[in-house]
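Enquirer: Letter by letter, the chains look like this.
Number of protein chains: 2
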Amino acid sequence: MEKLHILLFVSVFLIFPLTILGQKKPVDLIVQNGTVVTMDASRRVIENGAVAVSKNEIVAVGTTTEINQKFTSRQTIDARGKLVIPGLVNAHTHVPMTLFRGIADDLDLNEWLTKFIFPAEAKNVTEDFVRVGTRLGLAEMIRGGTTTFCDMYYFEDAVADETFKAGMRGVLGETIIDFPVPDNKTHAEAMAYTEKFINKWKNNSLIIPALAPHSPYTVSTEHLRNVKRLSERLNAPVIIHVSETRKEVDDSVAAKKFRPVEYLESIGFLNNRVIAAHTIHINDAEIDILKKREVGAAHNPQSNMKLASGVAPIPQMLLKDLAVGLGTDGAASNNDLNLWEEMDTAAKLHKVFSGDPKVVTAAQAFEMATIRGARALHLEKIIGSLEVGKRADLVIVDFDDLNQTPFYNVYSHLVYATKANDVRTVIIDGKIVMRDRRLLTLDENVIKKDANAYRQKIITSLSN
Amino acid sequence: MEKLHILLFVSVFLIFPLTILGQKKPVDLIVQNGTVVTMDASRRVIENGAVAVSKNEIVAVGTTTEINQKFTSRQTIDARGKLVIPGLVNAHTHVPMTLFRGIADDLDLNEWLTKFIFPAEAKNVTEDFVRVGTRLGLAEMIRGGTTTFCDMYYFEDAVADETFKAGMRGVLGETIIDFPVPDNKTHAEAMAYTEKFINKWKNNSLIIPALAPHSPYTVSTEHLRNVKRLSERLNAPVIIHVSETRKEVDDSVAAKKFRPVEYLESIGFLNNRVIAAHTIHINDAEIDILKKREVGAAHNPQSNMKLASGVAPIPQMLLKDLAVGLGTDGAASNNDLNLWEEMDTAAKLHKVFSGDPKVVTAAQAFEMATIRGARALHLEKIIGSLEVGKRADLVIVDFDDLNQTPFYNVYSHLVYATKANDVRTVIIDGKIVMRDRRLLTLDENVIKKDANAYRQKIITSLSN
Numbered sequence: 037m038e039k040l041h042i043l044l045f046v047s048v049f050l051i052f053p054l055t056i057l058g059q060k061k062p063v064d065l066i067v068q069n070g071t072v073v074t075m076d077a078s079r080r081v082i083e084n085g086a087v088a089v090s091k092n093e094i095v096a097v098g099t100t101t102e103i104n105q106k107f108t109s110r111q112t113i114d115a116r117g118k119l120v121i122p123g124l125v126n127a128h129t130h131v132p133m134t135l136f137r138g139i140a141d142d143l144d145l146n147e148w149l150t151k152f153i154f155p156a157e158a159k160n161v162t163e164d165f166v167r168v169g170t171r172l173g174l175a176e177m178i179r180g181g182t183t184t185f186c187d188m189y190y191f192e193d194a195v196a197d198e199t200f201k202a203g204m205r206g207v208l209g210e211t212i213i214d215f216p217v218p219d220n221k222t223h224a225e226a227m228a229y230t231e232k233f234i235n236k237w238k239n240n241s242l243i244i245p246a247l248a249p250h251s252p253y254t255v256s257t258e259h260l261r262n263v264k265r266l267s268e269r270l271n272a273p274v275i276i277h278v279s280e281t282r283k284e285v286d287d288s289v290a291a292k293k294f295r296p297v298e299y300l301e302s303i304g305f306l307n308n309r310v311i312a313a314h315t316i317h318i319n320d321a322e323i324d325i326l327k328k329r330e331v332g333a334a335h336n337p338q339s340n341m342k343l344a345s346g347v348a349p350i351p352q353m354l355l356k357d358l359a360v361g362l363g364t365d366g367a368a369s370n371n372d373l374n375l376w377e378e379m380d381t382a383a384k385l386h387k388v389f390s391g392d393p394k395v396v397t398a399a400q401a402f403e404m405a406t407i408r409g410a411r412a413l414h415l416e417k418i419i420g421s422l423e424v425g426k427r428a429d430l431v432i433v434d435f436d437d438l439n440q441t442p443f444y445n446v447y448s449h450l451v452y453a454t455k456a457n458d459v460r461t462v463i464i465d466g467k468i469v470m471r472d473r474r475l476l477t478l479d480e481n482v483i484k485k486d487a488n489a490y491r492q493k494i495i496t497s498l499s500n
Numbered sequence: 037m038e039k040l041h042i043l044l045f046v047s048v049f050l051i052f053p054l055t056i057l058g059q060k061k062p063v064d065l066i067v068q069n070g071t072v073v074t075m076d077a078s079r080r081v082i083e084n085g086a087v088a089v090s091k092n093e094i095v096a097v098g099t100t101t102e103i104n105q106k107f108t109s110r111q112t113i114d115a116r117g118k119l120v121i122p123g124l125v126n127a128h129t130h131v132p133m134t135l136f137r138g139i140a141d142d143l144d145l146n147e148w149l150t151k152f153i154f155p156a157e158a159k160n161v162t163e164d165f166v167r168v169g170t171r172l173g174l175a176e177m178i179r180g181g182t183t184t185f186c187d188m189y190y191f192e193d194a195v196a197d198e199t200f201k202a203g204m205r206g207v208l209g210e211t212i213i214d215f216p217v218p219d220n221k222t223h224a225e226a227m228a229y230t231e232k233f234i235n236k237w238k239n240n241s242l243i244i245p246a247l248a249p250h251s252p253y254t255v256s257t258e259h260l261r262n263v264k265r266l267s268e269r270l271n272a273p274v275i276i277h278v279s280e281t282r283k284e285v286d287d288s289v290a291a292k293k294f295r296p297v298e299y300l301e302s303i304g305f306l307n308n309r310v311i312a313a314h315t316i317h318i319n320d321a322e323i324d325i326l327k328k329r330e331v332g333a334a335h336n337p338q339s340n341m342k343l344a345s346g347v348a349p350i351p352q353m354l355l356k357d358l359a360v361g362l363g364t365d366g367a368a369s370n371n372d373l374n375l376w377e378e379m380d381t382a383a384k385l386h387k388v389f390s391g392d393p394k395v396v397t398a399a400q401a402f403e404m405a406t407i408r409g410a411r412a413l414h415l416e417k418i419i420g421s422l423e424v425g426k427r428a429d430l431v432i433v434d435f436d437d438l439n440q441t442p443f444y445n446v447y448s449h450l451v452y453a454t455k456a457n458d459v460r461t462v463i464i465d466g467k468i469v470m471r472d473r474r475l476l477t478l479d480e481n482v483i484k485k486d487a488n489a490y491r492q493k494i495i496t497s498l499s500n
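Read top to bottom, the protein sequences are chains A and B.
Offset between the first sequence (1-based) and this note's numbering: plus 36.
Offset between the second sequence (1-based) and this note's numbering: plus 36.
In case anyone wonders, no lab produced these hints; they're calculated from the structure.
Just so it is clear, the structure is predicted and the values come from calculations on it, not from any experiment.
Please note that the accuracy of each hint is not assured.
Which copy is meant is left open, so a pair is good if it fits within one copy or across any two.
Calculated cross-link-like contacts (lysine-lysine; reagent style DSS-like; alpha-carbon spacing at most 25 Å) [unchecked claim]: (1) Lys485 - Lys292; (2) Lys394 - Lys283; (3) Lys201 - Lys238; (4) Lys221 - Lys159.
I would like the entire structure built from these sequences, with the hints used as guidance.
Expert: Below, the structure written as structure tokens:
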């Protein structure tokens, strides 16, 4: 009888818990001991927090103690004294244009485009150019903690291939425009390329292939309708520049009696697949149309400033809870792919422009670079926050560099004090692509060498 | 006879050149093989260039070949594949306020000052606080290639002491204000402190002690006249905030019938010793007054944006060739001491604000951070460019980071693509203070530890 008691004691108090312990769920990766900035609906920030990742998915978010009670992993990353944030979302860029970084500056948009960018593109853009420029941009973005980007360029199939190989996530749109461009010479060719491109990538874990009609002023109504039909048939996003300049609006009103957003609405183009870049010169009625149609918007403060395009009504758009993300635009008009500077600039620009220092708070700026940016790309169900069921796109950021000392408020710290260089480790889709500032999927030296070879070709091409 | 010929041959063709070689002038340091951006009057950029330094002075600037023909040095720094630029000039800051970095954001100036900054200062600012905050700020500035800064705070003697010990150059102004502050309780006390402070430091190689009457709205006319007299007697610069907000202008007009610059002119306050910070809300007539009186101006784009203070008329000031420098302002309203971001922001802000993408070019922005900034501080004879006879304030900058690839134009590259983190080596007054990103005169870990101790005290003080 006594033996039975002892056995019972042993089984209940020792063996049972050990069994529970033995039943810890194995996962592939635990990031632990960091301050986890979830960007979930309650904006939970977890001190001494952890994130458990299984395959490419987040399976748990909690305190390190909680996570270690429930999960076991052969691979852990210690984020002690660091922040763990959702991967940043660059909502608008033209990634191969990194090769044109600084080719021409301090010019008006028309002169810049017609004298430099278009000739340089006509003379230099090939599939190989696109691959080299993409790799350069991917490396710069990963270094800065960007895990998803939304792109519009030529040879987008090559962009997709390089992006997938680097382990980065992208919404990648093949440009459709009503004049001959380096990859496609006619609308029919562009549509055929795009359909093939989308079908090739549509089930990829990292690549969301898209259609990218350049703008309402460079693509005809008929062709925009074709784009919309194809996007519906293939269930693919549509990326388009909208209302970047005052001239675009004036021309649209003169030619079509509608402002650009009104015009797109009038032809039934707008829906929850559309991602509209810039949306600078839009009025309240147009904001309401974008909201009603659930269009995503990509705000590019530094590019808009540099080209003197104007200031988008971001405070008003946030008041109406529009899906606004932050983008860098191409490196030729920025001249970098650094989302930390876009956050900082967005917060500051709208304060001075509106005269109200309370608009676009640090928390709102960080939101635009994460969960709201995910909404802008219509990807809020899979990325943008650290939540169970989302893809494991995590970034570990140093938190005690000189420029980050001392620390008072996490969002202020991230937006106003942290730099791209403070990013330490980047995980995309559960895979570590940068560890302790070392890129694991891209070779920096080869990238620079290839880019510099193109530099020489580009300079020569422009002097002819 | 033949022997004589041989001897002659030997002496003329071998010994004589060797003698010349032996007569190479010894110097203390040669920085060589870099691209030297001189910022001299002709804006010379020297490929494969070098700078020779003797004691604390630049004794030669030229190609590496030229310099090596004329000079010999036991110490050389190889700047191959890098840029050599004049040390950056931060024309306005409050360096100890680094300890308040991020304490309160996204507030209007009045709320921010009265609810957070003034109470935090009243409860925390001591001489030790000032020393700890100064060391933090100095370390951040040196890391970013700033070699001279213009400061206004309390216990400025402690700021001077820390600055001198760190080997940094500063125009350091003790605050004079018509209410009791942490170091001085009355105007008489402040004037006495300032006179003693100036006499103590006036012959120092690095420190230019100054008077810093806070602003025309916080210092009476009589006291401003006292300041002017003391500055003339001691030949010391005067730092003052001018026209930072619209309210300041309105109040000035209401109370004094003059706008702030007009008022200062009317009391005979303005001359070529004055450094005016902000000068945001100034009209053409006031620009002309500043020009006529040779007043230096410090433009702080990021702080002005963040506090929604307004946008200074920099394009107009540059058209009239005013001495405008770039400043970060204090870290509590920025939130960093990073001049690279100020250059980038200055160029972009004025483009979008004026609607003209050609204003404030990259070259002009870089100029404001170097030679024009030196003019703003009335130090253009000793710093701001790499020229013979100037103090040896040199910065070596990496030129091939990913965000800097490829390279087309040197000023565009510096302003739009280079980051503080690309700064590699910093030389001030002929002394290396950072080498290959390692600070040599400051201990980063001690600085962070001390700053974090104050962080805890500050948080506690504000919750009381």
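Enquirer: Under a CA distance limit of 25 Å, which applies to Lys485 and Lys292: within one copy, between copies, both, or neither?
Expert: neither (48 Å within a copy, 64 Å between copies)
Enquirer: When Cα atoms must be at most 25 Å apart, do Lys201 and Lys238 count as within-copy, between-copy, both, or neither?
Expert: Within one copy, since 16 Å is at most 25 Å while 62 Å is not.
Enquirer: Quick one: Lys394 to Lys283, C-alpha cut-off 25 Å, is that within a copy, between copies, both, or neither?
Expert: between (31 Å within a copy, 17 Å between copies)
Enquirer: If the cutoff is 25 Å on CA atoms, where do Lys221 and Lys159 land: within, between, both or neither? Let me know, please.
Expert: within (15 Å within a copy, 70 Å between copies)
The structure is inconsistent with hint 1 alone, although it conforms to all the rest.
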